[in-house]
Amino acid sequence: MMQLDNLYQEVILDHYKHPENKGLSTTFDAQVHHINPSCGDEITLNISLEGPVVKAISWDGVGCSISQASVSIMSGLMIGKDLSAAQLIFDNFVQLMQSKGSGKPDETILEDAVSLTGVSQYPARIKCALLGWMAFKDASVQAQKKN
Amino acid sequence: MSLDVERIRKDFPIFTRTIRDGKKLIYLDSGATSQKPQVVIDAEIDFYKLHNAAAHRGAHQLAEEATELFEAARETVAAFLGADSQEIVFTKGATESLNLLAYAFTNAEPGSRFAIGPEHTIVVSEMEHHANLIPWQQLAKRSGAALKWFSVTPDGRLDESNIDSLITEKTKIVAITQQSNVLGTIVNLDQIIKKAHAVGAVVIVDACQSVPHVAVNARKLGADFLTFSGHKALGPTGVGVLWGSYELLNELPPFLFGGSMIENVTMTDATWAQAPKKFEAGVPNMAQVVGLGAALKYLQNIGMDAIHKHEEELTSYLLTELGKIEGIAIVGPLDSSMRGGIVSFTVEGIHPHDLGQYLDSLGIAVRTGHHCAWPLTRALGVPATTRASMYLYNDFSDLDALVGGVKDAKKYFGQ
Numbered sequence: 001m002m003q004l005d006n007l008y009q010e011v012i013l014d015h016y017k018h019p020e021n022k023g024l025s026t027t028f029d030a031q032v033h034h035i036n037p038s039c040g041d042e043i044t045l046n047i048s049l050e051g052p053v054v055k056a057i058s059w060d061g062v063g064c065s066i067s068q069a070s071v072s073i074m075s076g077l078m079i080g081k082d083l084s085a086a087q088l089i090f091d092n093f094v095q096l097m098q099s100k101g102s103g104k105p106d107e108t109i110l111e112d113a114v115s116l117t118g119v120s121q122y123p124a125r126i127k128c129a130l131l132g133w134m135a136f137k138d139a140s141v142q143a144q145k146k147n
Numbered sequence: 001m002s003l004d005v006e007r008i009r010k011d012f013p014i015f016t017r018t019i020r021d022g023k024k025l026i027y028l029d030s031g032a033t034s035q036k037p038q039v040v041i042d043a044e045i046d047f048y049k050l051h052n053a054a055a056h057r058g059a060h061q062l063a064e065e066a067t068e069l070f071e072a073a074r075e076t077v078a079a080f081l082g083a084d085s086q087e088i089v090f091t092k093g094a095t096e097s098l099n100l101l102a103y104a105f106t107n108a109e110p111g112s113r114f115a116i117g118p119e120h121t122i123v124v125s126e127m128e129h130h131a132n133l134i135p136w137q138q139l140a141k142r143s144g145a146a147l148k149w150f151s152v153t154p155d156g157r158l159d160e161s162n163i164d165s166l167i168t169e170k171t172k173i174v175a176i177t178q179q180s181n182v183l184g185t186i187v188n189l190d191q192i193i194k195k196a197h198a199v200g201a202v203v204i205v206d207a208c209q210s211v212p213h214v215a216v217n218a219r220k221l222g223a224d225f226l227t228f229s230g231h232k233a234l235g236p237t238g239v240g241v242l243w244g245s246y247e248l249l250n251e252l253p254p255f256l257f258g259g260s261m262i263e264n265v266t267m268t269d270a271t272w273a274q275a276p277k278k279f280e281a282g283v284p285n286m287a288q289v290v291g292l293g294a295a296l297k298y299l300q301n302i303g304m305d306a307i308h309k310h311e312e313e314l315t316s317y318l319l320t321e322l323g324k325i326e327g328i329a330i331v332g333p334l335d336s337s338m339r340g341g342i343v344s345f346t347v348e349g350i351h352p353h354d355l356g357q358y359l360d361s362l363g364i365a366v367r368t369g370h371h372c373a374w375p376l377t378r379a380l381g382v383p384a385t386t387r388a389s390m391y392l393y394n395d396f397s398d399l400d401a402l403v404g405g406v407k408d409a410k411k412y413f414g415q
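Residue numbers (UniProt numbering), protein chains in the order written: chain A, 1 to 147; chain B, 1 to 415.
Rather than coming from a laboratory, the hints here were simulated on the basis of the structure. Idealized CB from N, CA, C, for every residue including glycine. Mixed in with the good hints there might be a few duds.
Examples of chain A residues toward chain B, derived with CB under 8 Å [to be verified]:
#	residue
1	Gln3
2	Leu4
3	Leu7
4	Ser38
5	Cys39
6	Gly40
7	Val62
8	Gly63
9	Cys64
10	Ser65
11	Cys128
Derived BS3-like pairs: lysine-lysine, alpha-carbon spacing no greater than 27 Å straight-line [as the list claims (entries may be wrong)]:
#	chain 1	residue 1	chain 2	residue 2
12	B	Lys23	A	Lys100
13	B	Lys24	B	Lys324
14	A	Lys22	B	Lys411
15	B	Lys194	B	Lys170
16	B	Lys324	B	Lys23
17	B	Lys410	A	Lys17
18	B	Lys24	A	Lys100
The whole structure should be built from the sequences, with the hints applied where relevant.
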């Protein structure tokens, strides 16, 4: 069961059972709805900016532990960051997911998101991990256009 | 066991490999695609090694041999379906067959039997695979016809209670599955076909999940068109079959235009060959067609009735054993009558993707998700399910492994 434990780290299962920032806010600068058409996972994500800073992220969704934990971790990481720092984290994470298991995650940048490193060994699950992150990217671009 | 599974497995080379660090392969995803016996692999290899040439083209010996093998496969398919070989159209899969039909309706001359417009309706069901929904949904949009559908009862059967208001004088097409790829439900089509024909509608049957598993006689069934994919019936990918009654096939306009489907061509016009050639433009997937012929012969040697009985035994056992696990909900009929070898289920607190991943770590292959029937899973109120689908090479030990795996997954994910 060693290899599977790589994928389902305790941090992931914790976030899955006790997600952060879940429950949609009533106000937001942008709201997006992303779907993973191959499996049916869905997420709605709200973002509020204050100048260049991510002031709030809230979300709701249905999906597997990887997709739900990943959006929970992402929201915790991004809130309070300015958009250029958020972009760096985003790029780092996407690169890690595409590393086919060979990526060396930078814990100072990715923090809890390093727990998702094992996902990169399972090609079918990478899109699960990226669902919430792509929603964040989309929402932040839309919110910037609006502000 | 009505089949000697141990002996059958020896015919399938894939069962000699292992999964995830040396684990035995437990393949329960035949509803997605079936594994291939050596005779099918050999038939494809032999075609390429010994007989490769463009069928129905060329005057040389290889072209003759390729043509003979290709047409012999057509006869095998015809015999398998209780049909005439002229009624067998080779496509690249059931998806193409259904799109072929939908576009042929679009191409029909005004006033012909197939002409469709805003005054018509198309009837499908909520349990259709996307391949037998979207072509009709989009034909409805193109033509202005109204799309109507049969619902599904809470226990996963087709709700035929409103058949008289669904199938009316306006109905042009009734497109329906013979067996649900999610629920396992076998649909009794007799009443629907009778009603559809009484109002002059064309009946199209998606037999992807039935033809590989149970004896289907296309003529006796009484539908107008029927399709299945080769790769779900032990055959290669890239080949499917469209059966149509010869009269209708000859009336139906073509969909794909090109080589070999013509009678005569000038710079400004063309006329069509007789069916089935009219629907087989371009050099066909010859090796795959020949492989499909070998697959159906293999199935016939074992016997479709024996295969069906075997799958009934497995299904009944799996329904019982899964039902004993706390937190399991079977999505589909709970009794094994009028039910094929597909069992979809959910486990409380474990998302199907996570369950599928866990089972994979034990060497067990299942399908997870909405199974290309998103409207159905939505109607049933489940975002996704885990699906085990069985075939002639599965036995009780495979199902014991699955049931054990589900129990272990519950522990692993803390449920």
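Hint check results:
Among the interface hints, the one on Gln3(A) holds; its C-beta lies about 7 Å from the nearest C-beta in chain B, closer than the 8 Å criterion. At its closest, the beta carbon of Leu4(A) sits 4 Å from a beta carbon of chain B; the interface hint therefore holds under the 8 Å criterion. Hint status for Leu7(A) relative to chain B: holds, with the closest Cβ pair at about 7 Å, below 8 Å. For Ser38(A), the suggested interface contact is upheld, since its CB lies about 7 Å from the closest CB of chain B, less than 8 Å.
Residue-level restraint check for Cys39(A) holds (minimum Cβ-Cβ distance to chain B is 4 Å; threshold 8 Å). For the restraint placing Gly40(A) at the interface with chain B, the shortest Cβ-Cβ distance is roughly 4 Å, inside the 8 Å limit, so the hint holds. Taking 8 Å as the C-beta cut-off, the interface hint given for Val62(A) holds, the closest approach to chain B being about 5 Å. With a cut of 8 Å, the hint placing Gly63(A) at the interface with chain B holds, because the nearest CB-to-CB distance is about 7 Å.
Against a cut-off of 8 Å between C-beta atoms, the interface hint on Cys64(A) holds, since the closest Cβ of chain B lies about 4 Å away. Given the 8 Å rule on beta carbons, the hint for Ser65(A) holds: about 5 Å separates it from the nearest Cβ of chain B. Taking 8 Å as the C-beta contact cut-off toward chain B, the hint placing Cys128(A) at the interface holds, the least distance being around 7 Å. For a cut-off of 27 Å, the pair hint linking Lys23(B) to Lys100(A) stands: about 23 Å separates their Cα positions.
For the proposed pair Lys24(B) and Lys324(B), the alpha carbon gap of about 25 Å is at most 27 Å, so the pair holds. Straight-line distance between C-alpha atoms of Lys22(A) and Lys411(B) comes to about 26 Å, which keeps the hinted pair within the 27 Å bound. With a C-alpha separation of about 15 Å, the suggested pair Lys194(B) and Lys170(B) falls inside the 27 Å cut-off, and the hint holds. Proximity of Lys324(B) to Lys23(B) is assessed by CA-CA distance (about 26 Å); at most 27 Å being required, the pair is judged to hold.
Pair hint Lys410(B) plus Lys17(A) holds up; C-alpha atoms about 14 Å apart against a cutoff of 27 Å. With a C-alpha separation of about 25 Å, the suggested pairing of Lys24(B) with Lys100(A) holds against the 27 Å cut-off.
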